[in-house]
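Chain residues, written in single-letter form:
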Amino acid sequence: AQSVTQPDIHITVSEGASLELRCNYSYGATPYLFWYVQSPGQGLQLLLKYFSGDTLVQGIKGFEAEFKRSQSSFNLRKPSVHWSDAAEYFCAVGAAGATNKLIFGTGTLLAVQP
Amino acid sequence: SAVISQKPSRDICQRGTSLTIQCQVDSQVTMMFWYRQQPGQSLTLIATANQGSEATYESGFVIDKFPISRPNLTFSTLTVSNMSPEDSSIYLCSVAGLAGGGSYEQYFGPGTRLTVT
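Sequence order for the protein chains is A and L.
According to the working numbering, the first sequence holds residues 1 to 114 in order.
According to the working numbering, the second sequence holds residues 1 to 117 in order.
Hints are not guaranteed to be accurate.
Simulated pairs of lysine to any residue, SDA-like, Cα-Cα distance not exceeding 20 Å [to be verified]:
hint: 1; chain 1: A; residue 1: Lys101; chain 2: L; residue 2: Ala96
hint: 2; chain 1: A; residue 1: Lys101; chain 2: L; residue 2: Phe61
hint: 3; chain 1: L; residue 1: Lys7; chain 2: L; residue 2: Gly60
hint: 4; chain 1: L; residue 1: Lys7; chain 2: A; residue 2: Val81
hint: 5; chain 1: A; residue 1: Lys68; chain 2: A; residue 2: Gln45
hint: 6; chain 1: A; residue 1: Lys61; chain 2: A; residue 2: Thr30
hint: 7; chain 1: L; residue 1: Lys65; chain 2: L; residue 2: Cys13
hint: 8; chain 1: A; residue 1: Lys101; chain 2: L; residue 2: Gln38
hint: 9; chain 1: L; residue 1: Lys65; chain 2: L; residue 2: Arg15
hint: 10; chain 1: L; residue 1: Lys7; chain 2: A; residue 2: Gln42
hint: 11; chain 1: A; residue 1: Lys101; chain 2: L; residue 2: Ser69
hint: 12; chain 1: L; residue 1: Lys7; chain 2: L; residue 2: Glu58
hint: 13; chain 1: A; residue 1: Lys101; chain 2: L; residue 2: Gly60
hint: 14; chain 1: A; residue 1: Lys101; chain 2: L; residue 2: Tyr57
hint: 15; chain 1: A; residue 1: Lys68; chain 2: A; residue 2: Asp54
hint: 16; chain 1: A; residue 1: Lys61; chain 2: A; residue 2: Ala111
hint: 17; chain 1: A; residue 1: Lys101; chain 2: L; residue 2: Gly97
hint: 18; chain 1: L; residue 1: Lys65; chain 2: L; residue 2: Asn50
hint: 19; chain 1: L; residue 1: Lys65; chain 2: L; residue 2: Thr115
hint: 20; chain 1: A; residue 1: Lys101; chain 2: L; residue 2: Arg36
hint: 21; chain 1: A; residue 1: Lys101; chain 2: L; residue 2: Thr74
hint: 22; chain 1: A; residue 1: Lys101; chain 2: A; residue 2: Tyr25
hint: 23; chain 1: A; residue 1: Lys101; chain 2: L; residue 2: Glu54
hint: 24; chain 1: L; residue 1: Lys7; chain 2: A; residue 2: Tyr25
hint: 25; chain 1: L; residue 1: Lys65; chain 2: L; residue 2: Gly97
hint: 26; chain 1: A; residue 1: Lys49; chain 2: A; residue 2: Ser3
Read the hints as simulated data drawn from the structure, not as lab findings.
Quick caveat: nothing in here was measured; it's all calculated off a predicted structure.
Between the sequences and the hints, there should be enough to build the whole structure, so can you do that?
So, in structure tokens, the structure goes:
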């Protein structure tokens with residue numbers, strides 16, 4: 001069965017520091033992978049996606065993620081964090097086929113210190 | 001991406017009552033989904049809303065509790081029936097298959113925050 005693991009429940013970084021949020025997935029075939037961000041009281045915004053091709057994908061707000069098949073990982077990175085990046089981040093894996101379902105990880109709550 | 005709206009944005013309801021949540025998209029989409037996000041939890045898919053036919057429910061969710069309608073390609077409703085405090089959650093709709101976009105990425109509405117007392 002498909003699953004997504006985000007090992008870090010809560011992360012605190014200083015403004016201007018680099019960020020890496022971890023995501024590991026379990027899927028029998030090549031997955032479709034996504035990162036979403038949820039600000040307090042808001043819905044989810046799609047940051048970036050990976051379907052195929054170049055394993056380093058660029059997203060909005062300066063985020064990028066790298067797909068590593070050998071490690072079953074899709075970690076999210078940002079070189080310099082801004083205070084406005086404080087939010088909850090969800091990794092998701094897509095089920096190819098007619099259903100197009102998404103399986104979400106448990107999320108990582110990011111706090112940014114001034 | 002599309003503009004997705006949900007009504008109501010939040011509500012406080014008494015146990016035993018029902019609430020219908022609306023999801024409206026400003027363009028036609030192939031697929032619409034309903035998710036539940038319990039307090040402090042991740043998202044769980046309730047069902048896929050199928051246009052013109054019965055919704056496809058995930059394990060643990062049933063039509064009697066969460067009836068869903070999708071009369072056209074831009075609108076869907078989710079009803080939470082006979083509510084109990086355990087139904088207190090954020091309910092989110094999402095869409096996929098936008099014109100000019102991929103069929104696998106989903107875009108989410110702002111959510112409906114439901115509290116059952």
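Do the hints match the structure? See the list:
no.	hint	verdict
1	A:Lys101 - L:Ala96	holds (10 Å)
2	A:Lys101 - L:Phe61	holds (15 Å)
3	L:Lys7 - L:Gly60	violated (25 Å)
4	L:Lys7 - A:Val81	violated (34 Å)
5	A:Lys68 - A:Gln45	violated (23 Å)
6	A:Lys61 - A:Thr30	violated (26 Å)
7	L:Lys65 - L:Cys13	holds (16 Å)
8	A:Lys101 - L:Gln38	holds (19 Å)
9	L:Lys65 - L:Arg15	holds (13 Å)
10	L:Lys7 - A:Gln42	holds (14 Å)
11	A:Lys101 - L:Ser69	holds (18 Å)
12	L:Lys7 - L:Glu58	violated (23 Å)
13	A:Lys101 - L:Gly60	holds (15 Å)
14	A:Lys101 - L:Tyr57	holds (11 Å)
15	A:Lys68 - A:Asp54	holds (11 Å)
16	A:Lys61 - A:Ala111	holds (16 Å)
17	A:Lys101 - L:Gly97	holds (13 Å)
18	L:Lys65 - L:Asn50	holds (17 Å)
19	L:Lys65 - L:Thr115	holds (16 Å)
20	A:Lys101 - L:Arg36	holds (14 Å)
21	A:Lys101 - L:Thr74	holds (19 Å)
22	A:Lys101 - A:Tyr25	holds (15 Å)
23	A:Lys101 - L:Glu54	holds (17 Å)
24	L:Lys7 - A:Tyr25	violated (34 Å)
25	L:Lys65 - L:Gly97	violated (27 Å)
26	A:Lys49 - A:Ser3	holds (17 Å)
Taken one by one, the earlier hints fail for this structure at numbers 3, 4, 5, 6, 12, 24, 25, listed in ascending order.
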